[in-house]
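Protein chains: 8
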Amino acid sequence: MSDLSPSSPDMAATASLADVAIVMGSRSDWPTMKKAAGLLRDLGVNYEAQVVSAHRTPDRLVAFARGARERGIKVIIAGAGGAAHLPGMIASMTTLPVLGVPVKSKALSGQDSLLSIVQMPAGVPVGTLAIGDAGATNAGLLAASILSLSDDGIAGRLAHWRQAQTDSVPVTVED
Amino acid sequence: MSDLSPSSPDMAATASLADVAIVMGSRSDWPTMKKAAGLLRDLGVNYEAQVVSAHRTPDRLVAFARGARERGIKVIIAGAGGAAHLPGMIASMTTLPVLGVPVKSKALSGQDSLLSIVQMPAGVPVGTLAIGDAGATNAGLLAASILSLSDDGIAGRLAHWRQAQTDSVPVTVED
Amino acid sequence: MSDLSPSSPDMAATASLADVAIVMGSRSDWPTMKKAAGLLRDLGVNYEAQVVSAHRTPDRLVAFARGARERGIKVIIAGAGGAAHLPGMIASMTTLPVLGVPVKSKALSGQDSLLSIVQMPAGVPVGTLAIGDAGATNAGLLAASILSLSDDGIAGRLAHWRQAQTDSVPVTVED
Amino acid sequence: MSDLSPSSPDMAATASLADVAIVMGSRSDWPTMKKAAGLLRDLGVNYEAQVVSAHRTPDRLVAFARGARERGIKVIIAGAGGAAHLPGMIASMTTLPVLGVPVKSKALSGQDSLLSIVQMPAGVPVGTLAIGDAGATNAGLLAASILSLSDDGIAGRLAHWRQAQTDSVPVTVED
Amino acid sequence: MSDLSPSSPDMAATASLADVAIVMGSRSDWPTMKKAAGLLRDLGVNYEAQVVSAHRTPDRLVAFARGARERGIKVIIAGAGGAAHLPGMIASMTTLPVLGVPVKSKALSGQDSLLSIVQMPAGVPVGTLAIGDAGATNAGLLAASILSLSDDGIAGRLAHWRQAQTDSVPVTVED
Amino acid sequence: MSDLSPSSPDMAATASLADVAIVMGSRSDWPTMKKAAGLLRDLGVNYEAQVVSAHRTPDRLVAFARGARERGIKVIIAGAGGAAHLPGMIASMTTLPVLGVPVKSKALSGQDSLLSIVQMPAGVPVGTLAIGDAGATNAGLLAASILSLSDDGIAGRLAHWRQAQTDSVPVTVED
Amino acid sequence: MSDLSPSSPDMAATASLADVAIVMGSRSDWPTMKKAAGLLRDLGVNYEAQVVSAHRTPDRLVAFARGARERGIKVIIAGAGGAAHLPGMIASMTTLPVLGVPVKSKALSGQDSLLSIVQMPAGVPVGTLAIGDAGATNAGLLAASILSLSDDGIAGRLAHWRQAQTDSVPVTVED
Amino acid sequence: MSDLSPSSPDMAATASLADVAIVMGSRSDWPTMKKAAGLLRDLGVNYEAQVVSAHRTPDRLVAFARGARERGIKVIIAGAGGAAHLPGMIASMTTLPVLGVPVKSKALSGQDSLLSIVQMPAGVPVGTLAIGDAGATNAGLLAASILSLSDDGIAGRLAHWRQAQTDSVPVTVED
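Protein chains in written order, with this note's numbering: chain A, 1 to 175; chain B, 1001 to 1175; chain C, 2001 to 2175; chain D, 3001 to 3175; chain E, 4001 to 4175; chain F, 5001 to 5175; chain G, 6001 to 6175; chain H, 7001 to 7175.
Be a bit skeptical, because a hint or two may be false.
Have a look at the derived ranges for each label pair, beta carbon to beta carbon [claimed, not checked]: (1) E:4172 with C:2175: 21 to 31 Å; (2) H:7159 with G:6063: 43 to 53 Å; (3) D:3159 with E:4066: 43 to 53 Å; (4) H:7038 with D:3028: 14 to 24 Å; (5) D:3163 with B:1031: 54 to 64 Å.
Which residues of chain E face chain G? A partial, calculated answer using Cβ under 10 Å [unchecked claim]: (6) 4104; (7) 4110; (8) 4130; (9) 4132; (10) 4133; (11) 4149; (12) 4160; (13) 4162; (14) 4165; (15) 4168; (16) 4169; (17) 4171; (18) 4174.
Keep in mind the hints are simulated off the structure, nothing from the lab. Note that the Cβ used here is the ideal one computed from N, Cα and C, for glycine as well.
Work out the full structure, taking the sequences as your base and the hints as a guide.
Quick look at the structure:
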């Protein structure tokens, strides 16, 4: 996967080469969300990554969510913390699969993020992953899994990744 | 307060006679939110009430939030349950004061609603009230209190209401 | 979608006509999980539904999870309550997308179910939905959304369903 | 906004030039509450700030709360931690809008502060913001929003501040 | 204990024959708080009971708390629910022992009441009992225990009550 | 208060000069519990302090609890963390007032300690204070308050301490 | 298992024919705890059942716990609710395996019971089961499992019970 | 206890000299779980320790759990964090006693681990210990206690260990 490049600021309005869009409510979420990016890169999945704040940039939110399917995005990974409205609001404006990553928050360690993302009302789904790094990694894996349904290359690399993970688990507790 | 009438469907696009807009994510929130309406009616504050679902009617949300200040609304009361994004998303698109009412949810009794509403990031405030009926009543009171800063009539009726409340508290525990 | 029929006991070993498998830890989870089934039926998605208890029928669990991809299943919806291990254990044995539904539990109202399902370690993802009925409905929707990526018929019906949902939200709070 | 000066000890008994009073239960709350002060300063809103402990200085509490409206205060921002009674007790003695900031507590990270402030009974409202710094900032913003209803200068500066915030959100996740 | 009579409305200003004052934030707390009263009656401890709402009757609160020691009250039992400020605010205005009873609240089952009462800052103590009926009963017992330190009659009756309680615990699980 | 000395190992069997006994489940609780000791020393209340582990030294627990009243102890302050059984078990074996201090625990920050202490069943009361240092300080204050009912010296010193505390609260937020 | 009979009141002092002792803090716990009894009866394990209140009958507690091993008891199942001290206090006085069952409590649904039982300090173990009926059933199963290590009859019946359970899980979601 | 050695990778398929198997979901759990190992070593109980990840090595899980009883293992101690499925899944495939240790997790401090382990449905028991180090130590103690029922050597050493623990608890709070 050669030409994977970070999103340009105006990408919301242009066709994307990416299958997965990673968005997050704040640049400070990137240390968490880049685990999703890293996983996708490992599996050879094209992605783009950008900051879309539901609260501070609602226009960008609407433009992103409304345009994603048309731009060719297939899966959206959205991470946010606290009163985390980003994943659910994106899901309200697209029929694409939206995966939510609750970023660990300062006071409540992500319990607020988790409930704000997972407790969506019937009608608008967000597939929610674990709080923090593990959740971001798994959002990448789940996106790849979804894409693998119609992409044998990804399916193969995903199966290989999972097997390698299994093989790497030591038996002994200490070296 | 003579001509208080329920909102018409197209009111989002027309000037409002109301000072307070009460919105809620679902018609099933009305039994809670009508406590706010009742309080405002008691204090002679004009209000309108309508359903605006952040997740199921995002366009209505944008139209409502973007248009509220221009339509003459001064305070917005927004109630929602579960992953309650309505108050915060309205707040992201207006500089009007937004008051949030966490509606009691089925599985988590409103703990999810509360955290989804109150834990807003710096930059976009929602003044949050208690879970359920008490919160809805108090949203009405707080809206009236805000309006009372520049409306002596409301100020007087509010002071009177509060005094009457004080006077009505019995001393004895049983009749 | 005419001939949708409930799974036969031995279906774990045979090819499936279904794209989505709905499994649950106990027959008592069906009143919740049938919301997923109903949604899929509405959207014309073939599904099968069966009881697979991670704790009481671990062999069935292994057979189901190991065989699902080969049998042609594309998305797995797994619901369970309490120490809800079913979604995560299925995810450990397949690279298919697994969606988890935390069924409301007796003592802790599904807080245990939710944490047991969503807090998966990095490497094995479960896309988790809300506690209870809303989560089951949304699992159906998310499964359809995933399938819609390569099935224009489902994509169309899903878009239609979502639009109909939007159109059905009343503006007025009372009739 | 030239002559903003910290409150003098006896200000509770004298007219205030400030529109907003920031009070807090302990001087140790200042690192949190000064976010509210900073925001108000940025928006050109006159404020005063002082320590009023509901538990350790109940007389000061009564004097402050009873006198605030008469002294010309328009909005009260009250921050406290743990069994945080300050916002609610002030609200019990004034009809001014009271905004509560749950200060992060040591053992329970502000969960106690939040519930003690937000769960007010019907009849005495406190508009509650998020736990900690974000809440203090937002209390300042919400106070400005309330004042903006009858002060075009504040309204303009608030709209500008919000726009600048929106403009400052980067799109890219890394420089 | 013959002449035990319910408090008269103006008792706050007159000497009390009671050793224990039971106060509660609302008449609706009486079904809980009367367990304290019943216990005290059983132990022959004089008590009075009245409604004192911290939020709705702050003057009554101040009058009660400031006057209690002088009126001869020795122990105060205060029950309240939700953002339960009554026990702590009384404690802020008296050096008498104050015992707090968290009344079970509607949405949060008394978790808010408990934290609002027990998490007092250093300097102003409230001895907190369990949520609900058990807490009210135990507040009565603890008050009696405190009084028993200088009243041998109460000490004897308390010891007897405790022994009777012990004797009444059956060994068998069914009759 | 001259001759305050730490308890000797065999003090459980001998008369005590102390009015208050401070006990704790582990020596590691002392950094918390010494706040109670410090307060009592400041108020001139005689106390003793020792380690009594409900779980590791049940005989010591029984000896201490059974013997306390006879030895002249008037109030017991018991601190413990985690599954904190010490305060409640002491209360089960004495009619003295028992005050419980939930020590902050490692994993759950004292939430387990708090619930284990405060949620006593009807019949055996423990007056519970806040988690951690504040709770220990307040246990000392509440013990002094109880003793003050029949000791004018303590009453005077307590009133003075409380007044000094009030006087020491600064008004300004910064020097 | 023919001659299984309920415990006589004085059994604490006499040898027991039972291998398992089921104790509970209150007779009101029996509807929960009898699930353990029923399971043991099904597996042909001799048991006795009695009420032992840690708080109301501390002497009975000591007698029971100290005497259990000598009387021939091999496993103790202890159920209690709220500030549930019974399992831990028994464990403090015996080296027998103690299994704890958190009984669902009124206000907090057994969250207090669970933490009070499971969060034991290092040195005194209680093997804790789920809140409520499931926990009681599983305490019976775990006791049988422990006994099965040296009793082939129980081992066989346990294996058979488990297999029957597996066989009884239906595949279809509806009949 | 001479020849205690760490498990070899293939031990799952060979007879074990160990009575207790300690397994954990990740090598990062060893700092916690080695407390169990240390305790067993102190009590002269043979054990083996290995990593078995329910999610990353499901085959190893099945092999381990299915083979444990036959290999001569008598008690299994399983530790895991987050969505901790290891103890429950082992319990689903063996009739041996399974003891679960909730390892402290990053975001939720082990609350997720605890609920995932303890809230097992009726039919498949896991005896759960405290979160973290204390739980691991106690798992070792409880395993020894179980083995002590048919091994007088262990019984003696366990009684001695417990007595030594009691003797080591200091009375004084400071040296």
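Hints and how they fare:
Here the CB-CB span from residue 4172 (chain E) to residue 2175 (chain C) is close to 59 Å, at odds with the stated 21 to 31 Å. For the pair residue 7159 (chain H) and residue 6063 (chain G), the supplied restraint of 43 to 53 Å is violated, since their beta-carbon distance comes to about 19 Å. At roughly 48 Å, the beta-carbon separation of residue 3159 (chain D) and residue 4066 (chain E) lies within the given 43 to 53 Å, and the hint holds. Under the hint 14 to 24 Å, the C-beta atoms of residue 7038 (chain H) and residue 3028 (chain D), about 41 Å apart, miss the expected range.
Between residue 3163 (chain D) and residue 1031 (chain B) the Cβ separation comes to about 38 Å, which falls outside the hinted range of 54 to 64 Å. The criterion of a C-beta within 10 Å of any C-beta in chain G is met by residue 4104 (chain E), whose closest approach is roughly 5 Å, and the hint holds. For the restraint placing residue 4110 (chain E) at the interface with chain G, the shortest Cβ-Cβ distance is roughly 5 Å, inside the 10 Å limit, so the hint holds. A cut of 10 Å between beta carbons decides the hint on residue 4130 (chain E): the least distance to chain G is about 7 Å, and the hint holds.
A hinted interface residue such as residue 4132 (chain E) counts as satisfied when its beta carbon comes closer than 10 Å to some beta carbon of chain G; here the least separation is about 5 Å, so the hint holds. Evaluation of the residue 4133 (chain E) hint against chain G yields a held restraint, the C-beta minimum of about 8 Å falling below 10 Å. The criterion of a C-beta within 10 Å of any C-beta in chain G is not met by residue 4149 (chain E), whose closest approach is roughly 21 Å, and the hint is violated. Contact between residue 4160 (chain E) and chain G, as hinted, is not supported at the beta carbon level, the nearest pair being about 14 Å apart and thus beyond 10 Å.
For the restraint placing residue 4162 (chain E) at the interface with chain G, the shortest Cβ-Cβ distance is roughly 9 Å, inside the 10 Å limit, so the hint holds. With its C-beta approaching chain G no nearer than about 6 Å, residue 4165 (chain E) sits inside the 10 Å limit, and its interface hint holds. At a threshold of 10 Å, the smallest CB-CB gap from residue 4168 (chain E) to chain G is about 8 Å, leaving the interface hint in force. The closest approach between the C-beta of residue 4169 (chain E) and any C-beta of chain G is roughly 5 Å, which is under the 10 Å cut-off, so the hint is satisfied.
At a threshold of 10 Å, the smallest CB-CB gap from residue 4171 (chain E) to chain G is about 4 Å, leaving the interface hint in force. A hinted interface residue such as residue 4174 (chain E) counts as satisfied when its beta carbon comes closer than 10 Å to some beta carbon of chain G; here the least separation is about 7 Å, so the hint holds.
Hints 1, 2, 4, 5, 11, 12 from the list above are not met by this structure, while the remaining hints are.
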